[in-house]
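Protein chains: 2
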Amino acid sequence: MAETEQLPESNVDVLIIGAGPAGLMAACWMAHCGINARIVDKRNSKIFCGQADGLQCRSFEIFDSLGFADRAWKEANHLIEMCMWNPGADGIIRRSDRLADTPVGFSRYQQCVLHQGRIERFFLDNIKKYSKDTIHIERGVLPESLEIDESKVDDASAYPVTIKLRRLTEEEAAPEQQANASKIADGLFRSSLIYEDDEEDLIQKSQARAGTGEVVHAKYVIGCDGARSWTRRALGFELHGEATDFIWGVLDIIPITDFPDIRMRCAIHSAEHGSLMVIPRENKIVRLYIQLKEVVPDASGRADRSKITPDLILHAAQQIISPYKLDYEYCDWWTAYQIGQRVGTNYDAHERVFLAGDAVHTHSPKAGQGMNVSMQDTYNLGWKVALVTKGIAKQSILKTYGSERRQIAQDLITFDHKFSRLFSGRPAKDLMDAEGVSMEEFKSAFVKGNLFASGLSVNYGANELIAKSVDAAQQTGEGESTISTAMQMSPELFAKRQALAVGLPVGMRFNSVKVLNQSDARPWHIQKKLKANGRFRVVLFAGNILSAAQKARVDKFCEALDAPTSFLRTAATTAGSSPDSVIEVLTIHSAKREETDLLRDFPEVLHPFNPHTGWDYDKVYVDDASYHEGFGDAYATYGIDKERGCVVVARPDQHVSWIGELEDFDDLQKYFEGCLVLGPKP
Amino acid sequence: MAETEQLPESNVDVLIIGAGPAGLMAACWMAHCGINARIVDKRNSKIFCGQADGLQCRSFEIFDSLGFADRAWKEANHLIEMCMWNPGADGIIRRSDRLADTPVGFSRYQQCVLHQGRIERFFLDNIKKYSKDTIHIERGVLPESLEIDESKVDDASAYPVTIKLRRLTEEEAAPEQQANASKIADGLFRSSLIYEDDEEDLIQKSQARAGTGEVVHAKYVIGCDGARSWTRRALGFELHGEATDFIWGVLDIIPITDFPDIRMRCAIHSAEHGSLMVIPRENKIVRLYIQLKEVVPDASGRADRSKITPDLILHAAQQIISPYKLDYEYCDWWTAYQIGQRVGTNYDAHERVFLAGDAVHTHSPKAGQGMNVSMQDTYNLGWKVALVTKGIAKQSILKTYGSERRQIAQDLITFDHKFSRLFSGRPAKDLMDAEGVSMEEFKSAFVKGNLFASGLSVNYGANELIAKSVDAAQQTGEGESTISTAMQMSPELFAKRQALAVGLPVGMRFNSVKVLNQSDARPWHIQKKLKANGRFRVVLFAGNILSAAQKARVDKFCEALDAPTSFLRTAATTAGSSPDSVIEVLTIHSAKREETDLLRDFPEVLHPFNPHTGWDYDKVYVDDASYHEGFGDAYATYGIDKERGCVVVARPDQHVSWIGELEDFDDLQKYFEGCLVLGPKP
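Those protein sequences? They're chains A and B, same order as listed.
Sequential numbering from 675 applies to the first sequence in this note's numbering.
Sequential numbering from 675 applies to the second sequence in this note's numbering.
In short, the hints are calculated from the structure, not lab data.
One or more of the hints may lead you astray.
As the list claims (entries may be wrong) - Derived DEER-like restraints, expressed as beta-carbon distance ranges:
id	chain 1	residue 1	chain 2	residue 2	range
1	B	Asp799	A	Val970	49 to 57 angstroms
2	A	Trp1198	B	Thr1287	23 to 31 angstroms
3	B	Asp764	A	His1199	37 to 45 angstroms
4	A	Asp1315	B	Asn1284	16 to 24 angstroms
5	A	Thr1088	B	Thr1287	52 to 60 angstroms
6	A	His1199	B	Pro1179	46 to 54 angstroms
7	A	Arg769	B	Thr1287	39 to 47 angstroms
8	B	Glu749	A	Arg769	51 to 59 angstroms
9	A	Ser974	B	Glu749	56 to 64 angstroms
10	A	Thr1088	B	Pro1179	26 to 34 angstroms
Claimed, not checked - Some chain A residues near chain B, calculated using beta-carbon distances under 8 angstroms:
id	residue
11	Asp829
12	Pro934
13	Met938
Every residue, glycine too, gets a C-beta built ideally from N, C-alpha and C.
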């Protein structure tokens, strides 16, 4: 490629490779934080049907922080109940259990399904809106080379990553789309089986055409380019793990059936013919995951693609669901996959090039986890890259991405491995049938896995962004701690701090309750006030502000907060931004709303005055016992003392990261000194 | 105008004049029902700021039936509490009361405010979507003449109305927009004060330019062209009523103030300086309605426009709100108006040209009723015109529009007259102060008026669409009944029928409860299943379907329903439409969900089979006592016997229109024979 010198060159702060859910989530953060970013994808159009469809409660909470949960919630099918069907003594399947599909009371949302194409649509609209139409998905663009100048990686202002990009022709970039089963094309699930030959072809074809490339110098690169990630291979990293013998077919159909639970999520174990999962979807469609016992991998461990047809998959489903009838006229999509659980060896190179999503973890799709965990990778990473790029946060926080997310991928693989084994296994005939899977064990695994599968159990370990003591996994070296010795907290001190708000575990996402705005009495889920705009929040649980003793404590805390040397005043702000653009202070008090007055009872720093627009009426809330509706009583839910309150910090991704008393201001200051760039007030 | 013969001519089923909220609602129905319709407006752009902003609970329910309540709900400011401020013994204002702003438990929604421009935006998007981009707002188009060929008005297929339209130049059609108070222009509230000179000018200017007109022949015309309605004047109809001496200013500002309740809805009566209403809005804006005691109408009853400036209005507000301070930097909009309550003499001409909205009723804006009642006029009218145009309903139902809506306008005027008088009056100093207004009386009027103001109390009288006995108002001739003698029901029979479901009063909108879908256990507000698509719904409260005796009753009712001669089978359907495109049957049973099976326990007519897509899983619901969340227990809420159930009909606008036992099929058949065209099954 001697033409390199002639290619146009440009700089960009953040380059995102791949515009699937993980890449779009990363782009979304850049849009919300005002970062100069580009996102490229080799496909020339978005997904129309099929692919991932499961949406966790936590993904909805994240969508809400970005502003489009309502659109997804409205279109999605909500999964309320899970039915288990197993062989009875006569070998005929019957419903053995009904379980709630979502753990009750943990989230405002419910587990749902909606196809990936719609979710990508919501992302695109959101990115357009928040980037003011400056970030576009550049489709049909393929990366060809990646170099990191190691001499520059410690210089925050440098552009150490150089990427060569090439624009494909329409024809080259056309994705494989299967509109219906009448246009039959074979397809093994791309996220799990790695066939790299198509893509290599593409690169070779593309390289034959000179003069349509460009060279981009980036501060940061985020590779979200799927299980066959070009970025991962360019870095020389690998996925470790193994494939299994289980082969599954997938049909998205409008079923014609007398099976009574076809609109319920069902796990069906037949006596001899394998297992079937039913996932009812939007627009009358039902997704069926069907075990294909007749398709056996060859010696190399791969299944013979040519054997797998929609008819073969349907036939397998009919055998499993018998004596009920199953057929269809309309098929929206179909595919087949072989379960493989793999995790990436590395999550980043020099904290300048990052990998996310399927590029660093693959697993079976049946638990509906893939798209969620992938999006949550970049929901974790995006704000960190954005704040470092803006000079607000220290570069060192970037190493928490790998330590936090690799642990989640490991947990996912463990969960998926167990779940897949239990679901693919033949049901035990009786207690003596050691080779069969116990249906009780399957049910119990499902119930236990449900909280995990909701995405609500994620709990990050100690590091410079999470002020807690190092946990057991980190001590034994299984997890990774990036925390400096100076920042480490003793288990005793942490236990004391956590006891101030046991319902807000440090490391987990800020659980939502409803509180009322002090000024207008409007109820809000507090999570709605933790928008994804890159801000940390100091949530002051002010307790009983009408008690003179407590008021004195609040006044003293606010005095420290308002001092010229406090983190709130010295957090680096970009030119022209408002004082609370880096850290926002929210207050939730527990006094009687009607007897409390915003202007009289709260120090100004809690409701700042703006000479153009007056007082800020959106910062102070009340835990009003008269308004519950199932999510009220904040202090009780969080386990916070109603009289004395406490102080809680939430990171920009809503994870609780520090808890302390109102007197612990110095430690709070130290927390922010550890992760943010605190300069003199501009 | 000798050029008339040369103008292009065309036919249209429905022509709507005016694209404000009333006109857009009418166009929305045409889009949802697939009617060939046009909508024209003389302005060349939509509203950017100011104007109406109050949204009733009922308007949200209606928006939800069209599919965009969520957008309005998300952007609107929600009004939770109303605070009353009155002079104390010392003459200084203080908060005397807090009241809930919305009557509790009546609706899923809350009273809200959002400016008219956003609501028009939602309508435009919805019309575009449902009309498949075939209905566009034709802006800058002025009607010039209207003729009705009376010989054709009884012929359903005729186009008896001829309208001449003329396209204006950009300049002519520019609406008056006041972006802020620095660009000061005087403006009296256009909906309430009638100055026709501007429009006459426009018409004269327009007539000077030949060759840009057209002639349209319409089956039906809906005039929604505001208080100065051209359509009304073309028909020679008038508004009757009177103006008052009270003059009010309006400011939409971001207030800078120490008044503690500035983010609450407040009614402030000062001792001497007049009254002030505070309406907190979206985006930090607050709307203030300010009594202008210093501006006095002249001998003709009109106020001197030139005297009214934002400074004068602000000064008046400062005097009322004293000793609190009030100022602003940002003003979004301002205007002034004189209260006038007027109702149109006629609502239609030959049931071919209809008037709606401000064209037939004007009143003060403070109670936030105007836009709501206007939209509800055409929500009442639109489906009737659509169904008659499609040949589904009889032409005779069109006369129910005037009888139903004129009564509402009268009620509104009465409410507004009383409310305005009490709000504009000086507060009484003590019990002996006969000239002053009692603050207790004001509070009591407000509380009583609140249900009315929510839009939920509308109760239509007996007519061919509402199967009930003629009420007192109709008997004394105050209300108008369009019901034929043959259809009249005795008060005794009606009382017996209504007793089957006292919580669903015939004539009122179908109150919503949450029920679960039998097939997938998903909770739904039942109103969500009463979408605005022109269908009548027969809601079968099937009772305890697991009891053999009750099952026999249900089977018998369904047998009649499914017979070739039943209204369900003989309702005229347009070619190619599905069997339930005119009347849809929904079922809510009260047996235990887990013991009930859709396919086993319910006759096929309740969940029809489609050879392409299988069974219909969206028609049968269950009153599941385990799932309440404040809106459950349907049978108890509706007062329906859990064992025996009953049958309820909802019109396409969600109003309850017939109630009977499962044995009253013949009477139900008669109801539909009265209003629909029932032919042989195609």
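Hint check:
{"no.": "1", "hint": "Asp799(B) x Val970(A): 49 to 57 angstroms", "verdict": "holds, 53 angstroms"}
{"no.": "2", "hint": "Trp1198(A) x Thr1287(B): 23 to 31 angstroms", "verdict": "violated, 41 angstroms"}
{"no.": "3", "hint": "Asp764(B) x His1199(A): 37 to 45 angstroms", "verdict": "holds, 42 angstroms"}
{"no.": "4", "hint": "Asp1315(A) x Asn1284(B): 16 to 24 angstroms", "verdict": "violated, 60 angstroms"}
{"no.": "5", "hint": "Thr1088(A) x Thr1287(B): 52 to 60 angstroms", "verdict": "violated, 40 angstroms"}
{"no.": "6", "hint": "His1199(A) x Pro1179(B): 46 to 54 angstroms", "verdict": "violated, 35 angstroms"}
{"no.": "7", "hint": "Arg769(A) x Thr1287(B): 39 to 47 angstroms", "verdict": "violated, 24 angstroms"}
{"no.": "8", "hint": "Glu749(B) x Arg769(A): 51 to 59 angstroms", "verdict": "violated, 44 angstroms"}
{"no.": "9", "hint": "Ser974(A) x Glu749(B): 56 to 64 angstroms", "verdict": "holds, 57 angstroms"}
{"no.": "10", "hint": "Thr1088(A) x Pro1179(B): 26 to 34 angstroms", "verdict": "violated, 58 angstroms"}
{"no.": "11", "hint": "Asp829", "verdict": "violated, 42 angstroms"}
{"no.": "12", "hint": "Pro934", "verdict": "holds, 5 angstroms"}
{"no.": "13", "hint": "Met938", "verdict": "holds, 6 angstroms"}
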